[in-house]
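**Student:** Protein chains in written order, with my numbering: chain A, 1 to 312; chain B, 1001 to 1228.
Derived from the structure by calculation, the hints contain no laboratory data.
Source: prediction; values computed, not measured.
Check the hints yourself; a few may be wrong.
Computed, partial: chain A to chain B, Cβ under 8 Å [as the list claims (entries may be wrong)]:
{"#": "1", "residue": "Gln159"}
{"#": "2", "residue": "Gln160"}
{"#": "3", "residue": "Trp161"}
{"#": "4", "residue": "Lys162"}
{"#": "5", "residue": "Thr164"}
{"#": "6", "residue": "Glu174"}
{"#": "7", "residue": "Gly237"}
{"#": "8", "residue": "Leu238"}
{"#": "9", "residue": "Glu263"}
{"#": "10", "residue": "Ala264"}
{"#": "11", "residue": "Asn266"}
Note that CB positions come from ideal geometry on N, CA and C, so glycine has one too.
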Amino acid sequence: MATIWVIASVVVDVLFWTLLGPHMAPGRLTSTAGADQTDFNILVVIALPVMIAVWVFLGYSIRTWSAKRGGPEPVGGEAARGNKKVQTIWIVTTTVIVLFLAGFGTVALIGDHGSGGGEGPNPIWAPSGATAAETAALTKSDSWSPSSGKVLVVQVIAQQWKFTYRYPQFGGFETTQLMLPADTSIAFNVTSLDVIHSFWAYQLGVKADANPQENNVAFTDTKSPGSFIVRCSELCGLWHGAMSNNGNVVSPSDFESWATGTEAANAKNTKLLAPFAWTYVPDANGAAGGYYIDSNVTPYSNSELYGAKPSS
Amino acid sequence: MSMRGRLTTVLVLFLVAVGLVVLCVAAFLKPGTPGGVTDFTKSQPAGQPVHLVAQTVGSIGFGPHPTWVSYMVLNPTTHKWVQDTTWKLPAHTKIDMTIEQFDSGSPLRNQEWGQVQGTIGDSMQLNGKTVSVYDSYTGTGIGHTFAVPTMGISVPLVGVNGSDTLCGEGPCSLKMPHNEITFSFMTGAPGNYPWQCFVPCGLGWLYGNGGPMSTQNYMGGFLDVVNS
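Between the sequences and the hints, there should be enough to build the whole structure, so can you do that?
**Tutor:** Pasting the structure below:
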């Protein structure tokens, strides 16, 4: 039985890892997406032998202890006795697996800077240079170019029922298109102008809640060019189902061309936008209400973490 | 309680539960608003531009929510104004759209929607004058927008002076204060493209996006693009 289990486990694991694993969602467009895929594949490779063990033991049990036609009922005897060896192996093995996965998941979460999830306004697992880029972006003293090696700051603004995006390192223009450069660290700053939304860039492996008056920061590192879909994953009203858009990861030079071109094309409107801030507060006076910089969270001093309220 | 009494109680409660379920299902299946689909596919020869005329009114003046703000559209066959917000359009066709805007305005919550996007030339005509960006903090602000997010279209509809005597019941006469906004766009492949207003004009609801903003046939609907 053990031989059958070992052979079957190795064969199924190898088949899964080589044939199905590379095609598992969400792909490998970014570091977080790739890590999602790898982590999922590791979980499956660990789980498959457990599943096969259950199946093999089930087959063994049926074959060994099933009632024989005309024979006595298989009550008591070997089938009903405890087996300390089996119990010990089972408990120890599953305990080791669970503890390993807890550690593995924690390492993945830290090593991948939050694994694409929103870390709130004060992320503790930020990639190198992210804090400096965010602080500089807020003070409009930063720019980005393919050779700069800097983190690209992108603000995601959710509103009923559309995501818009601001690029503070390109003059703070706002657009409905989400374009990203390949081979670049991205810092998404996610907020909302009204109710709770959720920014879910599926193929990027990024998912962060968009809460009004909160700056929810999520990181990822883009890899190769490709396209992705953004959806709202928090039920937010009538047109929630239509709150989606396509995005693209393009070469750094193509991104720079697009960003500078859009910055120039939108310059007239950019001057009219609210000053760039991590969160915006709708004006309570009036039907439509402008949105204004949130005086509670800006400005920041360079010594403070971005998103932190300045000390009074 | 006797066995008969208990059975009667259980039966009554069961019937009440069934009735509530039926009511919920019926309410879910029932269309939320009156109206239907306005067909623009037969209003002109195939391949020719479609002329779509709509108006925005501050209060519709009739129906279950007479105080609600609403769009109305001019039926190309009957030439009557109707409160439909599902418009059947031919695919891959130029749409010349005119919106008569009768409502007052205010600053936009997000000035991004003050920029004309997705129309031919990324511009509109405001009372005959070409506009690509409208500063919602100036003048009379923005009353509403016409936006088809999945087609990348967003057009700000400039508000009229709120201190004027405004039209209070749709359909509004062109004699009442209004702004005329015209623009053109191309329809794409067949499909259902939701459109909406991005000005949270549902007064009295959370963040202004309830009521008419969340009810079809008022401030949102569908472009039902079909092969003609």
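**Student:** For every hint, state whether the structure bears it out.
**Tutor:** Status of each hint after checking the structure:
{"no.": "1", "hint": "Gln159", "result": "holds, 6 Å"}
{"no.": "2", "hint": "Gln160", "result": "holds, 4 Å"}
{"no.": "3", "hint": "Trp161", "result": "holds, 7 Å"}
{"no.": "4", "hint": "Lys162", "result": "holds, 5 Å"}
{"no.": "5", "hint": "Thr164", "result": "holds, 5 Å"}
{"no.": "6", "hint": "Glu174", "result": "holds, 5 Å"}
{"no.": "7", "hint": "Gly237", "result": "holds, 6 Å"}
{"no.": "8", "hint": "Leu238", "result": "holds, 4 Å"}
{"no.": "9", "hint": "Glu263", "result": "violated, 13 Å"}
{"no.": "10", "hint": "Ala264", "result": "violated, 13 Å"}
{"no.": "11", "hint": "Asn266", "result": "holds, 7 Å"}
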